[in-house]
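Chains as they are written, first to last, in this note's numbering: chain E, 1 to 180; chain V, 1001 to 1104.
Treat the hints with care, since some could be wrong.
[Stated by the list, open to error] Short, incomplete list of chain E residues facing chain V, as computed with Cβ under 8 Å:
id: 1; residue: Phe-4
id: 2; residue: Pro-6
id: 3; residue: Ile-29
id: 4; residue: Gly-32
id: 5; residue: Ala-137
id: 6; residue: Glu-140
id: 7; residue: Thr-157
[As the list claims (entries may be wrong)] In silico EDC-like links for lysine to aspartate or glutamate, alpha-carbon gap of 20 Å or less:
id: 8; chain 1: V; residue 1: Lys-1088; chain 2: V; residue 2: Asp-1070
id: 9; chain 1: V; residue 1: Lys-1088; chain 2: E; residue 2: Asp-39
id: 10; chain 1: E; residue 1: Lys-146; chain 2: E; residue 2: Asp-133
id: 11; chain 1: V; residue 1: Lys-1088; chain 2: E; residue 2: Asp-94
id: 12; chain 1: E; residue 1: Lys-146; chain 2: V; residue 2: Asp-1006
id: 13; chain 1: V; residue 1: Lys-1040; chain 2: V; residue 2: Glu-1065
id: 14; chain 1: V; residue 1: Lys-1040; chain 2: E; residue 2: Asp-147
id: 15; chain 1: V; residue 1: Lys-1040; chain 2: E; residue 2: Asp-133
id: 16; chain 1: E; residue 1: Lys-146; chain 2: E; residue 2: Asp-39
id: 17; chain 1: V; residue 1: Lys-1088; chain 2: V; residue 2: Glu-1076
id: 18; chain 1: V; residue 1: Lys-1088; chain 2: E; residue 2: Glu-140
id: 19; chain 1: E; residue 1: Lys-146; chain 2: E; residue 2: Asp-38
id: 20; chain 1: E; residue 1: Lys-146; chain 2: V; residue 2: Asp-1070
id: 21; chain 1: V; residue 1: Lys-1040; chain 2: E; residue 2: Glu-140
id: 22; chain 1: V; residue 1: Lys-1088; chain 2: E; residue 2: Asp-38
id: 23; chain 1: E; residue 1: Lys-146; chain 2: E; residue 2: Asp-99
[As the list claims (entries may be wrong)] To list a few chain E residues with every Cβ distance to chain V over 12 Å, as calculated:
id: 24; residue: Gly-17
id: 25; residue: Arg-46
id: 26; residue: Asp-99
id: 27; residue: Ala-114
id: 28; residue: Ser-149
For the record, the hints were derived by calculation from the structure and aren't laboratory data.
Owing to the predicted nature of the structure, the values given are computational and were not obtained by experimental measurement.
Cβ atoms here follow ideal geometry from the backbone N, Cα and C, with glycine treated the same way.
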Amino acid sequence: MAQFDPAAILRVLTEHGVVFVVVGHTAAILHGSPTVTDDVDVTPARDIDNAERLYEALTSMHAVHRVPNAAPVDPLPVDERDFLRWQAQSYTTDFGPLDVVPFTVGVGGYEAVAAQAQTFDVGGVRISVASLDDVIASKEALGRPKDRSQLPALYATRAALLARQNEGSDANEGPSQAEM
Amino acid sequence: MGLAADLILSARLRAGLSQRELARRAGTSQSTLNRYERGKVEPSLRTVNRLVHACGLELRTTLAEPDPHDAILVQESLDLTPEERLAKLTSWSRFVAASRTAKD
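Bound-form chain E, shown alone:
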C-alpha cells in the first residue's frame, strides 16, 4: 500500500495546472484541526480543459479506481469528460487515496466552494483550501456518524482561530499568513 503523502498529491495536481479546492477533512487539518484523515478530497473546476489536466495528473500518479472491499479497478476512465459529472470518484494513487468530489453537500459545486476558499502555502506550493465554515457546514449537512464525531474538534478549531484573530496574534501561522 502506498504511503499516504497528502502534500505530494496536492503538489502533483498543482504542477499539472489543475484548478481545484481542497475540501473535506484535509482542508480542516490545513486550517489547524488536530485530527487525522486517510485521504485527500478535492473539488476541481468543472471545464473540459481542467478535466484533461486532472486526467493527466491522475495518470502521472498511476491512479486506479478505489472500490470498497474489492481490488483496485484499472485503468482510469479514458474519457476526461468523466470528471465533468457530479458523482464523486475515489482513487488510489502513488501517494495514497484521493477523492474527486464535484459537489460538496451543504455548500455546492466548485464555484461555491472557491468563493470562500483561502490560499495556503504548503512547502512553496500555493493551495486553495475550502473555508473552515464550509467544511463544518458540509459535515453538519452530511450528518453521518463519522462527520458528527469530527464536529467538536472543528468547532473548537474555529473558535480558537477566531480568538487568535481577535487578539491579532503574530503567532498564528494559519490563514492570516496564507492570505498574503
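Let chain E serve as the given structure and place chain V on it in line with the hints.
The following block gives chain V in isolation, referenced to the frame of chain E:
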C-alpha cells in the same frame, strides 16, 4: 449542531424511532424535530428532556472540571504551519501502517 441536537438524535436512534414517530409521541411536528436534530433551532432543556423521555430514556447530567486536553491539542496544531500539519498527518499515517504490519 450542538449538544441538544446530538442528544435528541442519539436518543431517537437508540430507541429505533423514526422522526415522525418520535414527533407523534412527543406531541410536536416532524419538521420541528428535524430542525432540532440538524441544529437549526436550539430547544430548551425542558424540551430536550421531554424528547428523551418520549424515547423511553432519561437524561442525566453531572458537573465536572473542564478538561483542557482538546483545547491544548488545538493550540498545538494552530502553532504549526500548514506544511507541518500535512507532514504530521503523513507521519501518523506511516505509524498506523507500521502498526498494522507489526500485528501481522
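Hint check against the structure, violated hint numbers in rising order:
Result: hints 5, 13, 18 and 28 break, sorted rising.
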